[in-house]
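Chains as they are written, first to last, in my numbering: chain A, 1 to 240; chain B, 1 to 250.
Any given hint might turn out to be false.
DSS-like cross-link-like pairs, simulated, lysine-lysine; straight-line CA separation at most 25 angstroms [as the list claims (entries may be wrong)]: (1) K49/A x K69/B; (2) K110/B x K152/A; (3) K152/A x K49/A; (4) K73/B x K152/A; (5) K73/B x K49/A; (6) K93/B x K119/B; (7) K93/B x K126/B; (8) K49/A x K52/B; (9) K52/B x K214/B; (10) K152/A x K69/B; (11) K175/A x K16/A; (12) K69/B x K187/B; (13) K183/B x K119/B; (14) K117/B x K152/A; (15) K229/A x K93/B; (16) K152/A x K93/B; (17) K187/B x K119/B; (18) K152/A x K109/B; (19) K73/B x K52/B.
The hints are simulated quantities; they were obtained by calculation from the structure and are not laboratory data.
Each chain is listed here by its residues.
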Amino acid sequence: MYELLDVQAIFTNMPKILSRLPVTLGVTFGAMLVSTAIGLTIALIKVYKVPVIRHMAGFYVSFIRGTPLLVQLYLVYYGVPRFFDYLYRAHGWFGQINFNLIPPVAFAVGAFAVNLGAYLSETIRSAIETVDRGQFEAGISIGLTRGQLMRKVILPQALLGILPNYGNTLISTVKDTSLIFMISVVDIMGQSQIIGARTLKFFEVYISVSIIYWLTCILLARILSELEKRARVYERKLVE
Amino acid sequence: MIRLSALNKYFDQHHVLRDVSLEVEKGQVMAVLGPSGSGKSTLLRCVNFLEKPSSGRIEIGSLSVEVDKADNKAVMALRAATAMVFQQYNLFKNMTALQNVMVGLTTVKKMPTSEAKGKSLRLLEKVGLGDRMDYYPSRLSGGQQQRVSIARALALNPEVILFDEPTSSLDPELVGEVLAAIKQVAKEGNTMIIVTHELHFAREVADTVVFLDKGLIVEQGDARQIFHEPKEERTRRFLDRALRPFVYQI
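One chain only, chain A, in its complex shape:
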């Protein structure tokens, strides 16, 4: 008898794939954390129209949005060691760094952070710019400094505009991390390919890994919508 698939294999291989879930989540959250810092910095540079740096930021965002993530991943993985090697050989800067000691997962986090930072900067900038002008003026008029005004008044309000986009980005990132096996980081996708190659049950393991991605994304979406609800406490409720 010829079977479409070995249903049992879907589940027997799942624990082995799940053991790599921390890698997927680690890269996702690590990259989100660093990219939030990058995105916020660039958004503020654009909002305050900081001369010169502002144009460099524009160049960065344009480049990232115009090239594929996979290419960026390779550029970071192969380019960064070579760049530092050049700086050392040509100018003696930074000393000789042994990049073999740096785990590939660090490059993965780096590449994703740089990529997401560009997208988040646009999300954050547009959210800041939708905050009512009067909120800025009121803050200025009571003598808040720029930093205080941002922290206490503008960013908490911009958060409402940031969160939905931020959530979408987070969920996309979970799925996009399936690319990192290309630079030899074994995440759940990498593990699936390894098991698939060993057992020749490719179809089954890809079903397993799909289920894991799917459930992870559902869970994250739940958490995000809860966060969003909390961020909205001060808005008038439509239905009491």
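Once you have looked at the hints, place chain B on chain A.
Using the frame of chain A, we list chain B on its own:
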């Protein structure tokens, strides 16, 4: 005491304020009147540098600022010496009524939280909103929001409070409560400059009046004199038209 000398403001080529000079004694209330587009709001917004004036001098108490040489420190000092009540209230939407009043005290004046809270609560009670301290602005009526914003302005003990058409965006039945709050603030000896279209109210609270038209001071002086016997023809026409009861012609 607040004194503006030869204040000018251009928006590109447009000359919005022309050599405006005026003086408000400590504890006095000045009303700024004039038709729409006469530069009243711009004048007020120049005092705390929400708009940067093009030239002139601003003196508040012992502070004296030459506007074209004003550095960041001078601007911050001007803002610390003034407080503003906006036409659109502009309460911080992410803060409760109490937090709105407190934030200037804890963040700008570095007052300890408990002390700031006590003071803010007293001010909210003064404007009749002690029981609304935990409400977010979205749950308050326009009149209530404007009263909170008056409390927020008072909290900073400014040398002068600037009112920018404080009742213009309110429903008619809410205007009274806000005017009552402003009148009380005036009675307590606060120095105030009020830009308003409520002429009856201005006549009641103002000690002095400035009449502005096309960025130029047409007339200024004692409120009683200007309301009863304006010297300038332009002022008389404005007051006549604005104070005259409505006549419907069909």
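Here's how the hints hold up against the structure:
1. Our distance criterion of 25 angstroms between C-alpha atoms is met by K49/A and K69/B, whose separation comes to about 22 angstroms.
2. Of the supplied pair hints, the one linking K110/B and K152/A holds, its CA atoms being roughly 14 angstroms apart against a limit of 25 angstroms.
3. For a cut-off of 25 angstroms, the pair hint linking K152/A to K49/A stands: about 21 angstroms separates their Cα positions.
4. With a C-alpha separation of about 21 angstroms, the suggested pair K73/B and K152/A falls inside the 25 angstroms cut-off, and the hint holds.
5. Using a Cα cut-off of 25 angstroms, the hinted pair K73/B and K49/A holds, with the two alpha carbons roughly 21 angstroms apart.
6. A C-alpha spacing of about 21 angstroms is found between K93/B and K119/B, which places the hinted pair at or below 25 angstroms, so the restraint holds.
7. The straight-line distance between the Cα atoms of K93/B and K126/B is roughly 22 angstroms, inside the 25 angstroms bound, and the hint therefore holds.
8. The straight-line distance between the Cα atoms of K49/A and K52/B is roughly 18 angstroms, inside the 25 angstroms bound, and the hint therefore holds.
9. For the hint linking K52/B to K214/B, the alpha-carbon distance of about 19 angstroms falls within 25 angstroms, and the restraint holds.
10. For the hint pairing K152/A with K69/B, the CA-to-CA distance comes to about 30 angstroms; that exceeds 25 angstroms, so the pair is violated.
11. A threshold of 25 angstroms between alpha carbons decides the hint, and for K175/A with K16/A the separation of about 19 angstroms falls inside it, so the pair holds.
12. As the CA atoms of K69/B and K187/B are separated by approximately 36 angstroms, the hinted pair breaks the 25 angstroms bound.
13. For the proposed pair K183/B and K119/B, the alpha carbon gap of about 20 angstroms is at most 25 angstroms, so the pair holds.
14. A distance of roughly 17 angstroms separates the Cα atoms of K117/B and K152/A; the hinted pair therefore holds under the 25 angstroms criterion.
15. Among the hinted pairs, K229/A with K93/B is consistent with the structure: their alpha-carbon atoms are about 16 angstroms apart, no more than 25 angstroms.
16. For the proposed pair K152/A and K93/B, the alpha carbon gap of about 11 angstroms is at most 25 angstroms, so the pair holds.
17. Note on K187/B and K119/B: the hinted pairing holds, with a Cα-Cα distance of about 19 angstroms set against a maximum of 25 angstroms.
18. Taken as a hint, the K152/A and K109/B pair is honoured in the structure, with Cα atoms around 15 angstroms apart against an allowance of 25 angstroms.
19. Restraint check: the Cα-Cα separation between K73/B and K52/B comes to about 14 angstroms, which is no more than 25 angstroms; the hinted pair holds.
Of the numbered hints stated above, those contradicted by the structure are hints 10, 12, listed in ascending order.
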